[in-house]
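With chain A held as given, fit chain B onto it using these hints.
Single-letter residue listing:
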Amino acid sequence: MRRMTPLLLATLLLAAVGLASAGPTAALEVGQKAPDFTLPGPGNKPVKLSELTAKGPVVVFTFIQAFTNT
Amino acid sequence: MSADHAATLDAFTKQNKINYLLLSDFRRTMLPGYDALVTDEKSPIFRYAKRAYYIIDKNGVVRYMKVQENALDLLDPADVLKALKDSGA
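If you read the protein sequences in the order shown, they are chains A and B.
Take the first sequence: its position 11, counted from the start at 1, is 1 in my numbering, and no numbers get skipped.
Residues are numbered in my numbering as their position in the second sequence, beginning at 1, plus a constant of 345.
Honestly, I wouldn't trust all of these hints.
[Unchecked claim] What follows is a list of derived Cβ distance ranges for each label pair:
hint, chain 1, residue 1, chain 2, residue 2, range
1, A, Lys23, B, Ala356, 32 to 38 Å
2, A, Glu19, B, Lys359, 32 to 38 Å
3, B, Gly433, A, Gln55, 32 to 38 Å
[Said to hold, decoys possible] Stretches of chain B that chain A covers, calculated by requiring three or more beta carbons in the stretch to come under 8 Å of a beta carbon on chain A:
hint, segment
4, 379 to 388
5, 395 to 407
6, 416 to 427
Just so you know, the hints here were simulated from the structure itself, not pulled from any lab data.
Source: prediction; values computed, not measured.
The beta carbon of each residue, even a glycine, is placed where N, CA and C say it ideally should be.
Chain A with its partners taken away, still in its complex shape:
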């Protein structure tokens, strides 16, 4: 059991370092690739971002809730 202890400690240490470096997901920034997505559009038909950008630049605008002034 004593022989196992250093190995166990090293494993835990590596795991801790791994978790710390992973951290929260990096925020999106200008110059980065936009995460591709497929979302339901009119008539519930799927719309894929990369299929839209293939035709030209795309302006994406997110708003809070339909049928409100937001």
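Then chain B, alone, in the frame of chain A:
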């Protein structure tokens, strides 16, 4: 784009004669990766979309983005158009 259901957005499009695509992120799959989901549990719009603007070029690269912390801070459409022209996208 919003977290409304697709059927809600269809009705909204019809009522307001909207001539651009409205997409539904009802399952919140896109909003988190764009930093556009309200995650503050105390917010009255918790789990709804923030007000945000992105310009993505034909290679899928973000050329402009503005995420408003205050949902009522709308950008002037003319400013967004200017940003589109200036971005070179």
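Next on the checklist: Going through the numbered hints above, which ones does this structure break? Give me the numbers in ascending order.
Outcome noted: none
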